[in-house]
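Since the structure of chain R is provided, determine the placement of chain X on it from the hints.
Protein chains in written order, with the numbering used here: chain R, 1 to 310; chain X, 1 to 310.
If you are wondering where the hints come from, they were derived from the structure by calculation, not from laboratory data. All residues carry an ideal CB built from backbone N, CA and C; glycine is no exception. Accuracy of the hints is not assured; some may be wrong.
Stated by the list, open to error - Estimated spans, in silico, between C-beta atoms of each pair: (1) R:S100 - X:R21: 51 to 61 Å; (2) R:Y298 - X:R21: 44 to 54 Å; (3) X:N232 - R:I24: 50 to 60 Å; (4) X:A47 - R:R283: 27 to 37 Å; (5) R:G122 - X:R96: 31 to 41 Å; (6) X:E142 - R:G171: 25 to 35 Å.
Unchecked claim - Listed below are several chain R residues computed to face chain X (Cβ distance under 7 Å; list not exhaustive): (7) V34; (8) T68; (9) W149; (10) H158; (11) M159.
There are 2 protein chains.
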Amino acid sequence: MMYLGIDLGGTNIKGGVVDERGAILREASRPTRVEQGPDAIADGIAAVIRELEQGERFAGVGLGCPGTVDDESGEVVCAFNLGLIHYDLRGALEARTGYSIRLGNDANVAALAEASVGAGRGAHSTVVITLGTGVGGGVVLEGRMLTGWTGAASELGHMVIEEGGAECTCGRRGCFEAYASATALIRMTRAAMDAHPDSAMHVVAAENGAVDGRTAFAAKERGDAAAAEVVNAYIRSLASGVTNIINIFFPEVVAFSGGVANQGEALLAPLREEVHRQEFGYRYVKRHARLVKCELGYQSGIIGAALLAK
Amino acid sequence: MMYLGIDLGGTNIKGGVVDERGAILREASRPTRVEQGPDAIADGIAAVIRELEQGERFAGVGLGCPGTVDDESGEVVCAFNLGLIHYDLRGALEARTGYSIRLGNDANVAALAEASVGAGRGAHSTVVITLGTGVGGGVVLEGRMLTGWTGAASELGHMVIEEGGAECTCGRRGCFEAYASATALIRMTRAAMDAHPDSAMHVVAAENGAVDGRTAFAAKERGDAAAAEVVNAYIRSLASGVTNIINIFFPEVVAFSGGVANQGEALLAPLREEVHRQEFGYRYVKRHARLVKCELGYQSGIIGAALLAK
Numbered sequence: 001m002m003y004l005g006i007d008l009g010g011t012n013i014k015g016g017v018v019d020e021r022g023a024i025l026r027e028a029s030r031p032t033r034v035e036q037g038p039d040a041i042a043d044g045i046a047a048v049i050r051e052l053e054q055g056e057r058f059a060g061v062g063l064g065c066p067g068t069v070d071d072e073s074g075e076v077v078c079a080f081n082l083g084l085i086h087y088d089l090r091g092a093l094e095a096r097t098g099y100s101i102r103l104g105n106d107a108n109v110a111a112l113a114e115a116s117v118g119a120g121r122g123a124h125s126t127v128v129i130t131l132g133t134g135v136g137g138g139v140v141l142e143g144r145m146l147t148g149w150t151g152a153a154s155e156l157g158h159m160v161i162e163e164g165g166a167e168c169t170c171g172r173r174g175c176f177e178a179y180a181s182a183t184a185l186i187r188m189t190r191a192a193m194d195a196h197p198d199s200a201m202h203v204v205a206a207e208n209g210a211v212d213g214r215t216a217f218a219a220k221e222r223g224d225a226a227a228a229e230v231v232n233a234y235i236r237s238l239a240s241g242v243t244n245i246i247n248i249f250f251p252e253v254v255a256f257s258g259g260v261a262n263q264g265e266a267l268l269a270p271l272r273e274e275v276h277r278q279e280f281g282y283r284y285v286k287r288h289a290r291l292v293k294c295e296l297g298y299q300s301g302i303i304g305a306a307l308l309a310k
Numbered sequence: 001m002m003y004l005g006i007d008l009g010g011t012n013i014k015g016g017v018v019d020e021r022g023a024i025l026r027e028a029s030r031p032t033r034v035e036q037g038p039d040a041i042a043d044g045i046a047a048v049i050r051e052l053e054q055g056e057r058f059a060g061v062g063l064g065c066p067g068t069v070d071d072e073s074g075e076v077v078c079a080f081n082l083g084l085i086h087y088d089l090r091g092a093l094e095a096r097t098g099y100s101i102r103l104g105n106d107a108n109v110a111a112l113a114e115a116s117v118g119a120g121r122g123a124h125s126t127v128v129i130t131l132g133t134g135v136g137g138g139v140v141l142e143g144r145m146l147t148g149w150t151g152a153a154s155e156l157g158h159m160v161i162e163e164g165g166a167e168c169t170c171g172r173r174g175c176f177e178a179y180a181s182a183t184a185l186i187r188m189t190r191a192a193m194d195a196h197p198d199s200a201m202h203v204v205a206a207e208n209g210a211v212d213g214r215t216a217f218a219a220k221e222r223g224d225a226a227a228a229e230v231v232n233a234y235i236r237s238l239a240s241g242v243t244n245i246i247n248i249f250f251p252e253v254v255a256f257s258g259g260v261a262n263q264g265e266a267l268l269a270p271l272r273e274e275v276h277r278q279e280f281g282y283r284y285v286k287r288h289a290r291l292v293k294c295e296l297g298y299q300s301g302i303i304g305a306a307l308l309a310k
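Just chain R, with the same shape it has in the complex (with noise of 0.2 Å):
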């Protein structure tokens, strides 16, 4: 049997065919084109699907879409950077494509990925941390995606962890995204960068023609005190929320994904140190969360995707 996985990005809707492993066959891709509105989006999603379909009649087809989704009504609740409120994908994409789609958060369907077939494969139970522009994340509970009541589980990003601190997109304060995302990272590499004049960072941004979430790390690697200091306070941050959710599910696998996980050990090994020395009774449990890096990169969302159609 074959299925069919969409990940509904702002920029590209990528498709691609997934067999009973997990393992993508093929794969396609277009523009999102969300200055045209919801109908056209849903006509790229239909196209996809018709340009994978080859003729073959696909057992299921899932769709990962970033916001908040309703899989038991088919509507996108609200996914803000595709202009889509209150939206019935569902009924869109079957009139266009006869299928009943599946729908799943985008950061959900890929730990639901990564727990079946990635970092996570085997474990009782896996979290999946995306430190890109914001937080996201998802929960898989014994095989099982955290979604909640509403279908808009799980937010681990809007976990306020410093009340009263940074401003939040989602209208909060001190929320663990405002402190954990790239985006947060690249604020305070700025602030320092402006406090020291001198310090290595503004080399790196220099050489790379731009501040991101890497000139930090990549200056506190040549020596640099001030890049310390800011990766140090943002693994502090990150460890905070981590061990909240570690204490709040006691999981078997926290793995993260997004451009900050690119670091890797430089970002983990002192990652979990931290929660290590904060984590709710570490000294006497004897099982404790592994915390790795994703496997399955920009694929996870279309695996994710293509599992929860199965």
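The following block gives chain X in isolation, referenced to the frame of chain R:
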């Protein structure tokens, strides 16, 4: 079929015979005698089991215990106020009674009871938050108790909401528990009383013979401004943690127990307002968690333990 539920507390061992529908038929209780060591605690539990058995054989025996338990191994991993560290409670009780008991954290089993036959009956998912000496929590998702890979989930009280804030018993700073427990409320009440010698809180405390979790609420009701500020600050912190939990689980019901929850609507009405203001995507999601009081009182510990054995 009859089940036995045991609620092992620092002061008393409470047992109850529970029927298929989660109703308690008869109860028994003995002092826990923590000072006499782990085996004396096991003796006490065995005595409660024998007292309630009255010739009939239970279909299952469950036990709720504070701290971290491991239902897989049958071990109490750590329950500091009972002096139990890596204690094989299942083995000890099997030797004494012949029953192989099921083990759960006391807050988790209480949540299972509320979700099954209390405030959350019929709901998709229920989170119970206990506002007592500490802040405990239990999460039941589609009938299943969240215990995590280690059995230690869900320590909802040990989620940092204020980086570097008030010290917590767990070793971290700024935990939800350090702001939302009755202990925290009393700390805030005392501080406000010191700062406001004319506050009605002094009168209320004198009338009741002590400062407790009710002092500020009662004085606020008499129109005292300093007391109102204590209550408002407490509810703001509580709302912060509760919103975090909603943004993670998006449950159908959030039910409160513990001393502070006895304030009922004086607590819940302003809490709902704060939470709705902060909840992720509140304006777009149509279904919102119901914030209510728990219904089963102390019986939730007994009923939940029995349900665990079912």
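Here's how the hints hold up against the structure:
no. : hint                        : result
1   : R:S100 - X:R21: 51 to 61 Å  : violated (38 Å)
2   : R:Y298 - X:R21: 44 to 54 Å  : holds (51 Å)
3   : X:N232 - R:I24: 50 to 60 Å  : holds (54 Å)
4   : X:A47 - R:R283: 27 to 37 Å  : holds (32 Å)
5   : R:G122 - X:R96: 31 to 41 Å  : holds (38 Å)
6   : X:E142 - R:G171: 25 to 35 Å : holds (30 Å)
7   : V34                         : violated (18 Å)
8   : T68                         : holds (5 Å)
9   : W149                        : holds (4 Å)
10  : H158                        : holds (5 Å)
11  : M159                        : holds (4 Å)
In this structure, the earlier hints numbered 1 and 7 are contradicted, and the remaining ones agree with it.
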